[in-house]
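Knowing the structure of chain A, use the given hints to seat chains B, C and D on it.
Chains as they are written, first to last, in the numbering used here: chain A, 24 to 392; chain B, 24 to 392; chain C, 24 to 392; chain D, 24 to 392.
Honestly, the hints are just simulated from the structure, not real lab data. Treat the hints with care, as some may be off.
Same chains, same names: a pair is fine if it fits in one copy or spans any two.
In the EDC-like style, the derived pairs of lysine to aspartate or glutamate whose C-alpha atoms are separated by at most 16 Å in a straight line are [what the hints assert, rightly or not]: (1) K226 / E287; (2) K86 / D70; (3) K336 / E287; (4) K333 / E287.
There are 4 protein chains.
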Amino acid sequence: MLASDSIGKEFVVTCFGESHGRCVGVVVDGCPAGLPISERDIQEEVDKRIPLKPQIVSARREKDVVEVLSGIFDGFTTGAPICTLVWNKEAVSGEYDQIRDVPRPGHADYPARIKYGGFNDYRGGGRFSGRITVAFVMAGAIAKKLLGLFGVEVLAYAVEIGKVKVEKKLTIEEIRRNTYKSPVRCPDLGRAKAMEEEILKAKSEGDSVGGVVECVALKVPVGVGEPIFDSLDADIAKMLFDVPAVKGVEFGAGFKVAQLRGSENNDVYAISGGDIVTLTNNAGGILGGMSSGMPIVVRAAIKPTSSISKEQKSVDLSEMEETLIRVRGRHDPCIVPKAVPVVESAVAVVLAEHMLRAGVIPKVLREKG
Amino acid sequence: MLASDSIGKEFVVTCFGESHGRCVGVVVDGCPAGLPISERDIQEEVDKRIPLKPQIVSARREKDVVEVLSGIFDGFTTGAPICTLVWNKEAVSGEYDQIRDVPRPGHADYPARIKYGGFNDYRGGGRFSGRITVAFVMAGAIAKKLLGLFGVEVLAYAVEIGKVKVEKKLTIEEIRRNTYKSPVRCPDLGRAKAMEEEILKAKSEGDSVGGVVECVALKVPVGVGEPIFDSLDADIAKMLFDVPAVKGVEFGAGFKVAQLRGSENNDVYAISGGDIVTLTNNAGGILGGMSSGMPIVVRAAIKPTSSISKEQKSVDLSEMEETLIRVRGRHDPCIVPKAVPVVESAVAVVLAEHMLRAGVIPKVLREKG
Amino acid sequence: MLASDSIGKEFVVTCFGESHGRCVGVVVDGCPAGLPISERDIQEEVDKRIPLKPQIVSARREKDVVEVLSGIFDGFTTGAPICTLVWNKEAVSGEYDQIRDVPRPGHADYPARIKYGGFNDYRGGGRFSGRITVAFVMAGAIAKKLLGLFGVEVLAYAVEIGKVKVEKKLTIEEIRRNTYKSPVRCPDLGRAKAMEEEILKAKSEGDSVGGVVECVALKVPVGVGEPIFDSLDADIAKMLFDVPAVKGVEFGAGFKVAQLRGSENNDVYAISGGDIVTLTNNAGGILGGMSSGMPIVVRAAIKPTSSISKEQKSVDLSEMEETLIRVRGRHDPCIVPKAVPVVESAVAVVLAEHMLRAGVIPKVLREKG
Amino acid sequence: MLASDSIGKEFVVTCFGESHGRCVGVVVDGCPAGLPISERDIQEEVDKRIPLKPQIVSARREKDVVEVLSGIFDGFTTGAPICTLVWNKEAVSGEYDQIRDVPRPGHADYPARIKYGGFNDYRGGGRFSGRITVAFVMAGAIAKKLLGLFGVEVLAYAVEIGKVKVEKKLTIEEIRRNTYKSPVRCPDLGRAKAMEEEILKAKSEGDSVGGVVECVALKVPVGVGEPIFDSLDADIAKMLFDVPAVKGVEFGAGFKVAQLRGSENNDVYAISGGDIVTLTNNAGGILGGMSSGMPIVVRAAIKPTSSISKEQKSVDLSEMEETLIRVRGRHDPCIVPKAVPVVESAVAVVLAEHMLRAGVIPKVLREKG
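Looking at chain A on its own, in the form it has when it is part of the complex (with noise of 0.2 Å):
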């Protein structure tokens, strides 16, 4: 089966939009009847894209503006799918003819050209362009409503950029207060400033770099999640690597459980203010696929964009012969900052379905006045 433009079984996002094509778009089914929203909501939500400095995220010249088509209807859910949309308003395709036989290295051109029989359309890397995060952020405006009604809030933010790296700990009113003061995201923003010098050293030489973005969720209740295969830690990896760019995702102690021992990763038990809690949090919020009542903590790697101006090796696969690209247009040196209310998003949508699942978020959230 070729279709998979749907996630979730009960907070079900279904995408559709390409790059270059007439819009991008979701259609979000299962949120239950009566939540209060707004278009604006969810405009607030993609405006996060916003660069605060353009010369270190591109931005389109034409704001993106938000349309509601269905299930919203006097300000709240109505129970019925809301389908909404923004508009792709300057599409530039000429530039893409390029890469209709050349793929770019590090692009999905050359596996989706294979795949679609050449059907794809190619033009700013139609389907697998980053611009189909939008959806994610719509979607993800919707979840991050629905999960405030009980409590939960999601937070994410740069946490390494190229050589740089958030050593601190931040406390979640740093990154409530200074995550979107910073044009990376980052809310130290002492490294955000290095981390900016680092992005643009890249960008004056026609290359671009990497990094990490961090997310937290709060106030999950205890069970949330589903085993054995829909676990929630499964589910929020599946929507991470969903993401484009994204190549690692790890939770908690992640990679570093490798080296500890189970007497140092083992978050151990206690009774803090007649709740109960761990010491430590190496699980990351979440044991056994399900939430520990913790904050659930993940980190997703973010390549370097792909496209760069610098000069590459590929192949011309009309012609089966090699050849250099170079690729032109407008590109993100760093994509990080972009990714943040991505991947804030896409937590908050696994977290929303799950929540549902759980039954922890009832199928009526209340009755019309």
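Positioned in the frame of chain A, the structure of chains B, C and D alone reads:
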């Protein structure tokens, strides 16, 4: 929805059974008719879990004997669902009474108790025991047989245990030859020896160690994997995070991409022997969620065994007071060796799924002579 | 889980929109790349809903204009999801205020209000309006185009309206030629005339009539349909019962089988022109949930339009007292004519799904020249 | 995709096994923890298949003994998947050699052979035998137990066999009291007698008869069922058409709606004892795909047993020549009596699914004391 014991859309794996219940079993649905396979083929894969050195990996005293209950007739799959199981022979459940009220740190005990209202079968971890991965291996045996018909080989092996890492580049020949010669399932036999010592040292201290399992899949054709939401990396990651104890998953250069420049990370194309190849494989064989034709390379971080004999802090849930726990019973000081065939099976199952989805594996394998 | 606006596993149809919202739309996911199709092809199918005689079937004053938002590029499907919609131009919602509290007999008003806590968009029936079947027809247009490539033809037509039934055996030629010549979509033009009268008589009395739509699918290859739970008849029936107003579905001899002997009902095999055929087709082309190679024949019973101008008893839900209701607005005295293309589309969608599942339709239709 | 042995999204039923293989089994996934149930509860439902009069319905000589392999612990469901099966004790497979090449009219033999390339287990019809409906009944036993906790009762019974029909209005009391007193499972004991004669007459002529099974579900709350595509009637119909031999399904007035006026067919609302009711129930308890609060009433047409001892025409597939076949072995002259508990189970499974989906059945049934 609580149902979550099935995975896959075309090669659907449904598992059942508990650590100390009657059996651990699996139903594989969607395998095309005409695949030659026997109970013995599945037994061979399950036997890979038998430790070479019992001081390193614990073993149930009686060997698991695979029984096929349906779906195979006259030496071939019939197209009907294949149910296969192993009976649990030696469950000593008394040992587990302690954990009914005092959750073991690092285990699923606490969230499971909350989630299932106390009705979950807690004996031996019940549904959350590593034992259920026998089901993964039985499903993997069928998947590997199917993939083999189409030239695809999947190989997993340990590359890191505790502080010991494989540093050299392993050849496929070495991996094939050495993995199962080593009690820790590491094809670098020198490092394997050091890994054994790492495990024995932890064990002697009543402690445990973690590690990293790597898996390569060879000769997967270009274009396997279904973007956006069922991308090949996302589905492999989901299945791997469903393996108990996995805390991180990365492909190719993985978390290192954060620090790479685009010009370093991009795998440039070339022609080799008439085929399109990339000169590096930082992508781990996956671009845009589809196979690129290069070997798929994935790594999973395995946490140190949660069950350790050292005393740990915990909480008595019925009394709501802090207490101490010392986990009794026979436990592996390191589960990496047992995780190796499980990771291999998990990857094989996802590849079978996606090669069916892409149409690389046809619906009818052959006509009966 | 509340999400329920998608159907299919390989040819996945997700619909959205409301009667008086902004639009009615559909996303078709899983259609292979390389299918030649245009907005106009879809428009033609939607146009089949336009009545020949407005006194028999009501029409919106402005024609529905199909817009394709994604998934078609340069005249071919790309393999990406196809989103297509019609905008709602003339919603006069004031008319519907009455039904907010007083449910119309025979409509979904009452259970919908309870289910969605009063938040459902009640205007024009909202999500429960027959108007949403435009989405079925748009999806059906794509399905029919795809089926056509593989020689399969799907034809629906009215066989019963009120007390008037088609008694004679219709030929395929007659069906192709006459169905859309008749305002009631009945290829027996004599009986069609009597059906018109049946409708006009009911209308003149402020009442409505029901009917039966039959659908045949020709040249479906043997073995399409997936037992046990996704059998071809089960999936066709599910899709047909999802069409508003359908109250019964039967295949071949249908309910008459109750009174037949096995020796009468069994369709015996013979060889005709080198092919295996059955001499009768009481099975309606389906055996054991799989196509037999004979024409698939299915009938759906359509209830009389619930909206009638005659006064009816109902209950005022806000006051919890009995009251009377007279449904206002423009309503079809019989929805059978409009249901004909919807039934045809529903059957076509299920056949596209199952021909993909059986591998009869390949994953790549062709290579781009 | 070939996988098709699972149904449901919340209450997921996966079945496996063949008529002459080792067993027939089922995995039920998604049943909440805390449901009191035992092997004996399931056995009781399976025992309903045992005929009262063996001259009317054939029986395997050894009784089917239900074994529960997983998911039930200490008398309650645990939240883990429940696997339960019956072993096949007396398979005499030699009898079936004849059908390898000569398909029996009315059976799945011919399409199955084509679909599975000849690899399907043809013995006793294999996967297409009525025997697999034991799996439906075991799943139904769990569903009925779960529904019972929430006051819902499901009752099936024969209303038509051959030319004999129940004409009078049956009371619920009669249905409860008489159905299993009658060898044909018809609560109208007078008509039941005539039905027996109908069966014996057909049998004496080496022939078989069909019939109609009706099923009512009482006290289903308003608003159960998920429009558009998972409507309650659609899902019940899908499950019923998955029962071998069903050729038609209708709700309430069913096919009679074609001839009714809207004013006759609409069920008008009234208040009775403080509840909203309808004065008639032509809708069969379902409006817009959701339960209306009235009894759900559905009927399934069951074809006459395909296996008859009368000689019939067929084709030898290996020789591609016409031939004659006389089906040997022990066969039911009428399968309606055995179909009654299967239909009841099928409806119960769908109701369990949908009451979970609607949130009427919560995720945690109770806390363990």
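Here is how each hint holds up against the structure:
Taking the shortest Cα distances, K226 and E287 sit within 16 Å of each other only across copies (14 Å), while inside one copy they are farther apart (41 Å). Taking the closest pair of Cα atoms, K86 and D70 come within 16 Å of each other only inside a single copy of the chain (8 Å); across copies the shortest separation is 36 Å, beyond that limit. For the homomeric pair K336 and E287, the shortest alpha-carbon distance between copies (12 Å) is at most 16 Å, but the shortest distance inside one copy (47 Å) is not. Proximity of K333 to E287 under the C-alpha cut-off of 16 Å is restricted to the inter-copy arrangement: shortest distance 11 Å between copies versus 46 Å within a copy.
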